[in-house]
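Colleague: Go ahead and model the full structure; you've got the sequences and the hints to work with.
Protein chains: 2
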Amino acid sequence: MILSNVLNYTAMKPISFKIEKKMNGLGRAGALTTPHGVINTPAFVTVGTKATVKALTPEQITDLGAQVVLANTYHLYLEPGDEIVRDAGGFGKFMNWNGPTMTDSGGFQVFSLGAAFGSKVGKLSKVTQGEIVGGDEIEEGDVAGRLAKIDEDGVTFKSYKDGSEHRFTPERSMEIQHNLGADMIFAFDECTSPAASYIYQKEAMERTHRWAKRSLEAHLANKEAAMKQGLLGVVQGGRHQDLREESARVLGAMDFDGYGIGGSFDKDDMGTAVGWVNAILPEDKPRHLLGIGEPIDLFGAVENGCDLFDCVAPTRTGRNGTLHTRDGKINMRNAKFVRDFTPIDGECDCYTCKNYTRAYIAHLFRSDEMLAGTLASIHNLRFLVSLVDRIRKSIIDDTYEALKISFLNQYYNK
Amino acid sequence: MILSNVLNYTAMKPISFKIEKKMNGLGRAGALTTPHGVINTPAFVTVGTKATVKALTPEQITDLGAQVVLANTYHLYLEPGDEIVRDAGGFGKFMNWNGPTMTDSGGFQVFSLGAAFGSKVGKLSKVTQGEIVGGDEIEEGDVAGRLAKIDEDGVTFKSYKDGSEHRFTPERSMEIQHNLGADMIFAFDECTSPAASYIYQKEAMERTHRWAKRSLEAHLANKEAAMKQGLLGVVQGGRHQDLREESARVLGAMDFDGYGIGGSFDKDDMGTAVGWVNAILPEDKPRHLLGIGEPIDLFGAVENGCDLFDCVAPTRTGRNGTLHTRDGKINMRNAKFVRDFTPIDGECDCYTCKNYTRAYIAHLFRSDEMLAGTLASIHNLRFLVSLVDRIRKSIIDDTYEALKISFLNQYYNK
Chain A
1 MILSNVLNYT
11 AMKPISFKIE
21 KKMNGLGRAG
31 ALTTPHGVIN
41 TPAFVTVGTK
51 ATVKALTPEQ
61 ITDLGAQVVL
71 ANTYHLYLEP
81 GDEIVRDAGG
91 FGKFMNWNGP
101 TMTDSGGFQV
111 FSLGAAFGSK
121 VGKLSKVTQG
131 EIVGGDEIEE
141 GDVAGRLAKI
151 DEDGVTFKSY
161 KDGSEHRFTP
171 ERSMEIQHNL
181 GADMIFAFDE
191 CTSPAASYIY
201 QKEAMERTHR
211 WAKRSLEAHL
221 ANKEAAMKQG
231 LLGVVQGGRH
241 QDLREESARV
251 LGAMDFDGYG
261 IGGSFDKDDM
271 GTAVGWVNAI
281 LPEDKPRHLL
291 GIGEPIDLFG
301 AVENGCDLFD
311 CVAPTRTGRN
321 GTLHTRDGKI
331 NMRNAKFVRD
341 FTPIDGECDC
351 YTCKNYTRAY
361 IAHLFRSDEM
371 LAGTLASIHN
381 LRFLVSLVDR
391 IRKSIIDDTY
401 EALKISFLNQ
411 YYNK
Chain B
1 MILSNVLNYT
11 AMKPISFKIE
21 KKMNGLGRAG
31 ALTTPHGVIN
41 TPAFVTVGTK
51 ATVKALTPEQ
61 ITDLGAQVVL
71 ANTYHLYLEP
81 GDEIVRDAGG
91 FGKFMNWNGP
101 TMTDSGGFQV
111 FSLGAAFGSK
121 VGKLSKVTQG
131 EIVGGDEIEE
141 GDVAGRLAKI
151 DEDGVTFKSY
161 KDGSEHRFTP
171 ERSMEIQHNL
181 GADMIFAFDE
191 CTSPAASYIY
201 QKEAMERTHR
211 WAKRSLEAHL
221 ANKEAAMKQG
231 LLGVVQGGRH
241 QDLREESARV
251 LGAMDFDGYG
261 IGGSFDKDDM
271 GTAVGWVNAI
281 LPEDKPRHLL
291 GIGEPIDLFG
301 AVENGCDLFD
311 CVAPTRTGRN
321 GTLHTRDGKI
331 NMRNAKFVRD
341 FTPIDGECDC
351 YTCKNYTRAY
361 IAHLFRSDEM
371 LAGTLASIHN
381 LRFLVSLVDR
391 IRKSIIDDTY
401 EALKISFLNQ
411 YYNK
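From first to last, the protein sequence lines are chains A and B.
UniProt numbering numbers the first residue of the first sequence as 1 and each following residue consecutively.
UniProt numbering numbers the first residue of the second sequence as 1 and each following residue consecutively.
Be aware that one or more of the hints could be misleading.
Identical chains share a label here; the pair holds if one copy fits it or two copies do between them.
Claimed, not checked - Once the Cα atoms are required to be at most 27 Å apart in a straight line, the calculated BS3-like pairs of lysine-lysine come out as: (1) K93 with K404; (2) K93 with K336; (3) K213 with K158; (4) K336 with K161; (5) K354 with K93; (6) K404 with K22; (7) K228 with K285.
To be clear, the hints were calculated from the coordinates, so they are not data collected in a lab.
Modeller: Structural data, given as structure tokens:
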């Protein structure tokens, strides 16, 4: 009877993870099975903030090799509202994306974008354009503390759109994410400022752990949702090794379907900090490093045991004209591309590189044509998706170190 | 020898037109053969102002059933410059569109957009966004006369982008259009204001006839271009029957490969005015009515002998949220669509209607998402392309009158 129950419970798990190959150290290649298909890991997750990967159709997302789309709970809650998305059949169906889906907890945006409303923090002005601001671009200082009011039960914050007041609790985040209906959802967490003190980081982390427990309970209490959606806990702890390790231990002991790693890191040694966490987290569950998309960070994260990454940078910087090539980034608004009839990257297999010249793309950018954003996003996403796919293959083929050295030397022109 | 030369000359003609079925009166269904494929007429021509149909890939243009793309000479001359487009292999190759192509003469924009620079004419402010302004939206009054300086040889005008001075002559328009490389190009014409006097209209029309002759001579003098590109003369004459008829007679006697019908008409009876012209133009050559896209005008133009139409309205109004349905136009920003989980038009076979709900499209518009413009443009273009295709079939099947009555009654809710 007891065994049978365990088997049933296991069989009911909406997501499962299988390690296919381990590297020396923490890195691994695996397969993450979701109700909407298998994600081969490591995998780069495409961000579709408001149930749309900006400027792309779902067919274009599929064609560029993306396996999974992550939408932002905070944004969809505010617009069009999670109940409309629920009535549409979940955000995947709403946007006509049939593959695996994720939503984040809303925590990051509550603290970063809530802080932005009415403030004059430089980079946060971008949020008025209606898009998530990546973790590595935020410099909220302690403004968040003033505009997002945190108490033990949850957080009260202001909409980045109109300043209206809203409240998220772990239970509310679960309810909203159940309505949004993604295959993988995240426990509600507090995302602290990198400038916060050690004492505050510890206090916030401990609150995040209590919120994680409440998120898990609220998730499992909704049996229908728990059968269809996997819940990932979010490790916090800032830049402090002892806090990161404690967070991994506490959350690792809870029965999450996987783990997110959130918050800020020392950019010069992200891999090491991620390693502190992944050495402790259960090995048999997938790990998602939130908000990372710079090539060198992807290598550092993979070899330290991360399986999934998401970042708005490839689409956002792409729309501004910054494109990845194997020799580093180039900006298409540079005059030298106006008569350059070669592709963005001669070795790239994306739709953009197969069909268009730098001269044409430069023309589209100079003319502020919408197609510029589409072609640039396809290329940049394909570049990162393809890079992570190559990293995956190199793990399986035991050629990871060679790939890492050759790619990084060429990309960063060392 | 003489016969052989005539045959060679005919065989060398880059475009040919065959009437497949005639209606009572002037209307007809036909097939227009170009170096890049056959256009079944009547056909709605998709506008790709700057060598891009705004927000769409060429695959999306093909998928929605568009047969031909028209780019604007004035815009491509200013940006990126016709020599870059020539070096790219022509505007079709530049934008990765392999089907038939057209460029206009540049005349309409020289007079309408040249007039816009530095002026405060209401609707013309739109041009700073870098797109052609449709003929029926222009209210240039006599501003054009001040900013576009016309002489017998040509016209000096200011760039709508930076106010820099430029000059077009018939010979220069041909040179630029040869560089742009479209299958069908237009003779350089003067596009007068609807407010201009009869005397000025007549004077301008006679100048347009002299420019037409010079355009034809300049075109034929470039033997390589003349083998690949067909030249269409542009009938002018404003709203005056005698001028329109005279223009049709004079140009009809010149050896053009087809004809454009330009300038302004009385919107309430466009069909009649078009009929004056088409009753005189050679029957065996295609006729393109420039800048028309309202359903009732398409019917009026077809039954009065037009074969081709182009208009920016479906993409421009689409990007603003105005979408065609069989019951007339709707605006997706209207609150009533926020929870409407039906397609834009339940009978429409376009990609947008097959895959997305009004609620999703309303969400994209409210969120200012780029995909809104893409999905709206696909739908509106498909709506008009499909309507003209149905008109064509109805001509062949002798069911034109029934289609006209049922469509117009439903669309205009009569």
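Colleague: All hints, please: hold or fail.
Modeller: Results of checking the hints against the structure:
1. K93 with K404: Neither. Shortest intra-copy (37 Å) and inter-copy (37 Å) distances fail the 27 Å Cα cut-off.
2. K93 with K336: between (43 Å within a copy, 21 Å between copies)
3. K213 with K158: Within. Shortest intra-copy distance 25 Å satisfies the 27 Å Cα cut-off; inter-copy 67 Å does not.
4. K336 with K161: Close across copies (21 Å), not inside one copy (39 Å); limit 27 Å.
5. K354 with K93: This pair counts as between: shortest inter-copy Cα distance 13 Å, intra-copy 30 Å.
6. K404 with K22: Only inside one copy: K404 and K22 sit 16 Å apart there, 68 Å across copies, limit 27 Å.
7. K228 with K285: within (17 Å within a copy, 63 Å between copies)
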